[in-house]
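S.K.: Sequence:
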Amino acid sequence: MLSQQITTLIDKELKKYPADQRQSAVMAALRFVQDEKGWIAPEDMADVAQYLDMPQMAVYEVATFYHMYNLKPMGKHTLTVCTNLSCTLCGAGDTVSYLEQKLGIKMNEVTADGKFGLREGECMGACIDAPLLNVNNKKMCGKLTPEKIDSILADLEGGKA
Numbered sequence: 000m001l002s003q004q005i006t007t008l009i010d011k012e013l014k015k016y017p018a019d020q021r022q023s024a025v026m027a028a029l030r031f032v033q034d035e036k037g038w039i040a041p042e043d044m045a046d047v048a049q050y051l052d053m054p055q056m057a058v059y060e061v062a063t064f065y066h067m068y069n070l071k072p073m074g075k076h077t078l079t080v081c082t083n084l085s086c087t088l089c090g091a092g093d094t095v096s097y098l099e100q101k102l103g104i105k106m107n108e109v110t111a112d113g114k115f116g117l118r119e120g121e122c123m124g125a126c127i128d129a130p131l132l133n134v135n136n137k138k139m140c141g142k143l144t145p146e147k148i149d150s151i152l153a154d155l156e157g158g159k160a
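With numbering that gives the first Met the number 0, the residue at position 151 of the sequence shown is 150, and numbering never jumps.
There's no promise every hint is true.
Said to hold, decoys possible - Using 20 Å as the maximum straight-line C-alpha spacing, the simulated EDC-like pairs for lysine to aspartate or glutamate come out as follows:
1) LYS142 <-> GLU119
2) LYS36 <-> ASP112
3) LYS75 <-> ASP149
4) LYS71 <-> GLU99
5) LYS138 <-> ASP154
6) LYS71 <-> GLU60
7) LYS14 <-> ASP52
8) LYS138 <-> GLU119
9) LYS137 <-> GLU121
10) LYS142 <-> GLU99
11) LYS137 <-> ASP149
12) LYS71 <-> GLU121
13) LYS105 <-> ASP93
14) LYS11 <-> ASP46
15) LYS105 <-> ASP149
16) LYS11 <-> ASP34
17) LYS147 <-> GLU119
18) LYS75 <-> GLU156
19) LYS11 <-> GLU35
20) LYS101 <-> GLU156
21) LYS147 <-> GLU99
22) LYS147 <-> ASP128
As the list claims (entries may be wrong) - Computed Cβ-Cβ distance ranges for the label pairs, DEER-style:
23) GLN20 <-> CYS122: 20 to 30 Å
24) ALA18 <-> LYS138: 32 to 42 Å
25) GLY157 <-> ALA111: 14 to 24 Å
26) ASP128 <-> TYR65: 16 to 26 Å
27) ALA40 <-> GLU119: 18 to 28 Å
28) CYS122 <-> LYS147: 14 to 24 Å
If you are wondering where the hints come from, they were derived from the structure by calculation, not from laboratory data. Just so you know, even glycine gets a beta-carbon here, dropped at the ideal spot from N, CA and C.
Please build the complete structure, drawing on both the sequences and the hints.
M.R.: Structure representation (structure tokens):
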């Protein structure tokens, strides 16, 4: 069941669209669920579908198409590394290797303490700053080096997210 906070946010989003186009708020609704819970479970998708009066499969299609939605718990801080061509040519492979070594996890895993999850992402549209990673789909960090990654992780550990 969607929380009151989520339904309030969805209702605000719905004001942007014609009354017969409720499904237009699906991406925002999924984001609100993820922001509150950290990930989107199948039952959350069903609740969003019911609230927006749309087929569950349509919500599932959106949630699985875009890389920004976590469909399983991914830790307090989800680190999404762009591995598309520009980032790969600029060292995304080294970035992934360094993060895996530093965090002690592989891609699509979560650290034992639940603080960090590591994911691969599609192009983030900021190739000039490659290689890139995104923290919790909220903060983009670019021109990554081991030192910069260490600083990002330290800030997240210290609550400076």
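S.K.: Decide, hint by hint, whether the structure agrees.
M.R.: Verification of the hints:
| no. | hint | result |
| --- | --- | --- |
| 1 | LYS142 <-> GLU119 | 17 Å, holds |
| 2 | LYS36 <-> ASP112 | 17 Å, holds |
| 3 | LYS75 <-> ASP149 | 17 Å, holds |
| 4 | LYS71 <-> GLU99 | 19 Å, holds |
| 5 | LYS138 <-> ASP154 | 12 Å, holds |
| 6 | LYS71 <-> GLU60 | 16 Å, holds |
| 7 | LYS14 <-> ASP52 | 15 Å, holds |
| 8 | LYS138 <-> GLU119 | 15 Å, holds |
| 9 | LYS137 <-> GLU121 | 15 Å, holds |
| 10 | LYS142 <-> GLU99 | 18 Å, holds |
| 11 | LYS137 <-> ASP149 | 19 Å, holds |
| 12 | LYS71 <-> GLU121 | 18 Å, holds |
| 13 | LYS105 <-> ASP93 | 13 Å, holds |
| 14 | LYS11 <-> ASP46 | 17 Å, holds |
| 15 | LYS105 <-> ASP149 | 17 Å, holds |
| 16 | LYS11 <-> ASP34 | 16 Å, holds |
| 17 | LYS147 <-> GLU119 | 19 Å, holds |
| 18 | LYS75 <-> GLU156 | 10 Å, holds |
| 19 | LYS11 <-> GLU35 | 16 Å, holds |
| 20 | LYS101 <-> GLU156 | 13 Å, holds |
| 21 | LYS147 <-> GLU99 | 15 Å, holds |
| 22 | LYS147 <-> ASP128 | 13 Å, holds |
| 23 | GLN20 <-> CYS122: 20 to 30 Å | 28 Å, holds |
| 24 | ALA18 <-> LYS138: 32 to 42 Å | 35 Å, holds |
| 25 | GLY157 <-> ALA111: 14 to 24 Å | 19 Å, holds |
| 26 | ASP128 <-> TYR65: 16 to 26 Å | 21 Å, holds |
| 27 | ALA40 <-> GLU119: 18 to 28 Å | 21 Å, holds |
| 28 | CYS122 <-> LYS147: 14 to 24 Å | 20 Å, holds |
Of the hints listed earlier, there is not a single one the structure fails to meet.
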